[in-house]
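Residue strings, one per chain:
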Amino acid sequence: MIGASALARLAATLGVLLLLGASAIAQPSVVILSTTTSTQDSGLLDVLVPMFEKKTGLTVKTISVGTGQALALAARGEADVTLAHAPALERKYVAEGRMANRRLVMYNDFVLVGPADDPARIKGMPKALDAFKRIAESRSRFVSRGDKSGTHALELALWKQAGIEPKGAWYIESGQGMGQTLGIANDRRAYALTDRATVLAFQKRVDLPILVERDRPLLNIYSVMEVNPANGPRVNARGGKAFADFMLDPDTQAVIKAFGVDKYGQPLFVPVAGKKDEDL
Amino acid sequence: MGLIGEGLLEALRRLTTGDPEVWQITWLSLQVSATATLVSLLAGIPAGAALALSRFPGRAFLVSLVNTGMGLPPVVVGLFVTILLWRNGALGFLELLYTPAAMVIGQFVIAAPIVTGLTLAAVQQVPEGFRLQMLGLGASRLQMTWVLLKEARLPMLAAVMAGFGGVISEVGASMMLGGNIRGSTRVLTTATVLETGKGNFDVAIALSVILLLITFLVNWALSLIQQRRPG
Numbered sequence: 001m002i003g004a005s006a007l008a009r010l011a012a013t014l015g016v017l018l019l020l021g022a023s024a025i026a027q028p029s030v031v032i033l034s035t036t037t038s039t040q041d042s043g044l045l046d047v048l049v050p051m052f053e054k055k056t057g058l059t060v061k062t063i064s065v066g067t068g069q070a071l072a073l074a075a076r077g078e079a080d081v082t083l084a085h086a087p088a089l090e091r092k093y094v095a096e097g098r099m100a101n102r103r104l105v106m107y108n109d110f111v112l113v114g115p116a117d118d119p120a121r122i123k124g125m126p127k128a129l130d131a132f133k134r135i136a137e138s139r140s141r142f143v144s145r146g147d148k149s150g151t152h153a154l155e156l157a158l159w160k161q162a163g164i165e166p167k168g169a170w171y172i173e174s175g176q177g178m179g180q181t182l183g184i185a186n187d188r189r190a191y192a193l194t195d196r197a198t199v200l201a202f203q204k205r206v207d208l209p210i211l212v213e214r215d216r217p218l219l220n221i222y223s224v225m226e227v228n229p230a231n232g233p234r235v236n237a238r239g240g241k242a243f244a245d246f247m248l249d250p251d252t253q254a255v256i257k258a259f260g261v262d263k264y265g266q267p268l269f270v271p272v273a274g275k276k277d278e279d280l
Numbered sequence: 281m282g283l284i285g286e287g288l289l290e291a292l293r294r295l296t297t298g299d300p301e302v303w304q305i306t307w308l309s310l311q312v313s314a315t316a317t318l319v320s321l322l323a324g325i326p327a328g329a330a331l332a333l334s335r336f337p338g339r340a341f342l343v344s345l346v347n348t349g350m351g352l353p354p355v356v357v358g359l360f361v362t363i364l365l366w367r368n369g370a371l372g373f374l375e376l377l378y379t380p381a382a383m384v385i386g387q388f389v390i391a392a393p394i395v396t397g398l399t400l401a402a403v404q405q406v407p408e409g410f411r412l413q414m415l416g417l418g419a420s421r422l423q424m425t426w427v428l429l430k431e432a433r434l435p436m437l438a439a440v441m442a443g444f445g446g447v448i449s450e451v452g453a454s455m456m457l458g459g460n461i462r463g464s465t466r467v468l469t470t471a472t473v474l475e476t477g478k479g480n481f482d483v484a485i486a487l488s489v490i491l492l493l494i495t496f497l498v499n500w501a502l503s504l505i506q507q508r509r510p511g
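Read top to bottom, the protein sequences are chains Z and D. Here the working numbering is used: position 198 in the first sequence is 198, and no number is missing along the way. Here the working numbering is used: position 80 in the second sequence is 360, and no number is missing along the way.
It should be emphasised that the hints constitute simulated quantities derived from the structure, not laboratory data. Treat each hint with caution, since some may be false.
[Claimed, not checked] Computed list of lysine to aspartate or glutamate pairs in DMTMM-like fashion (alpha-carbon distance at most 20 Å, straight line):
1) Z:K204 x D:D482
2) Z:K148 x Z:E165
3) Z:K204 x D:E286
4) Z:K263 x Z:E96
5) Z:K263 x D:E475
6) Z:K54 x D:E475
7) Z:K92 x Z:D251
8) Z:K160 x Z:D147
9) Z:K204 x D:E301
10) Z:K148 x Z:E137
11) Z:K263 x D:E375
12) Z:K55 x Z:D277
13) Z:K133 x Z:D118
14) Z:K275 x Z:D249
15) Z:K263 x D:E408
16) Z:K204 x D:E475
[Stated by the list, open to error] With beta-carbon atoms standing in for the labels, derived distance ranges:
17) Z:D117 x D:S503: 46 to 56 Å
18) Z:D46 x D:L359: 44 to 54 Å
19) D:R293 x Z:K204: 35 to 45 Å
20) Z:R214 x D:F360: 52 to 62 Å
21) D:R293 x Z:D277: 17 to 27 Å
22) Z:P217 x D:N368: 48 to 58 Å
23) D:Q405 x Z:W170: 18 to 28 Å
24) D:F496 x Z:G146: 33 to 43 Å
25) Z:P229 x D:F360: 41 to 51 Å
26) D:N368 x Z:Q266: 49 to 59 Å
[To be verified] Not the full set, but computed from the structure, chain Z residues with beta-carbon under 10 Å of chain D:
27) I63
28) S64
29) R76
30) G177
31) R216
The C-beta atom is built at its ideal place from N, Cα and C for all residues, glycine as well.
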């Protein structure tokens, strides 16, 4: 007897809860943006999202995950628009028809950081590829994100081009975000590949100088892509396109250009609306 | 040491200056976890009492399931509930993912077995002779259960504290189900993860201190009720 009434009460309560929640948010005015942690961690989206919401009256739900997961969610129709930074992977999703209308938004760059005593002697090398080779040859410790993020994708591509399969005690996979990964690299006196924005944000906490920078493969290009409505039954294609268009709007691009100057004395991103990968 | 000191100062500063974002995050944490605990009580107390007082085949198995559920890993709960709530998932039509309601559901799944299991133990520890005596004196089963729950008041409040403590402190399910969206689903634990990721350790420590503080205040209030002498 008691069991049955308990079940009935549980069902009723859950039912009410679900209805309350559903009625509160089931509107087509919500845009789900799947994006990388770096755009969120840098604080850029905290500036851009309110701007977009004010302009359009739409509400954005930002889901900030690794680029691999951001694209995977979009491919399942669980997001409406994606801001990512893994060009090769993005082109694959576009070629498969799951993402559409890939447009460049901005770029910054990756840098190779490491301990100041530089056991692999890579400081000032012009080519990131040569630096990677030397780290592997000297079996100096290297901390990888290991999480299918955009940074991880680039790192794996560089190992592959160098003809190295990173394996062994010197190669540490953190499985965490860029900030935590830098913390581990700092603690273990190891090298790491990072975007410049994160290492700037952490310069007070980690003692890892920039050793290799400004090489073409180290460009970190962010693109916006719309989700193919065929990916799922509830994709808000119109809202997704509105956000993508907003990212390329001259006003938005001006905000991107100025972002970070007050805090770091230098901009964190360079806006590139209208350009192609080859132009950079 | 210096960093923790900075964090404590930052916590104090944010609380005293009434930083609206911190207050909003704190308030949402309380709302979500209190709602989840409340629903868990509504479901878990009757379920626990029923399990304690009934005998049927498979009961021992069910009790082990509940006891296992008391230690459900929040990330596992988060993952399964997320898949259910996906737009393409079984409950996708409700469009609940990335809302506070989704977080309440996840936390309910975490807290309900805790409340059920502790209620079960609390009711069972009341001597059986007492139950038989009440029934012998003409009490209905419902009346008897009510008296038993009152008798078991002290351990029952422990169940409330354990349930609330379990959900206010979890991060895995809230992160996946809420998405840590600013102004909408960001709670103290997910905000702490975010600020740590950003390298703002002082802010992260400040949020942790606030979390500890409100957990303490809630438990303090519950302990006062628990330890109150009747009459």
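Of all the hints numbered above, which does this structure not satisfy? Sort the numbers upward.
4, 6, 7, 9, 10, 11, 12, 15, 18, 19, 20, 21, 22, 23, 25, 26 and 31
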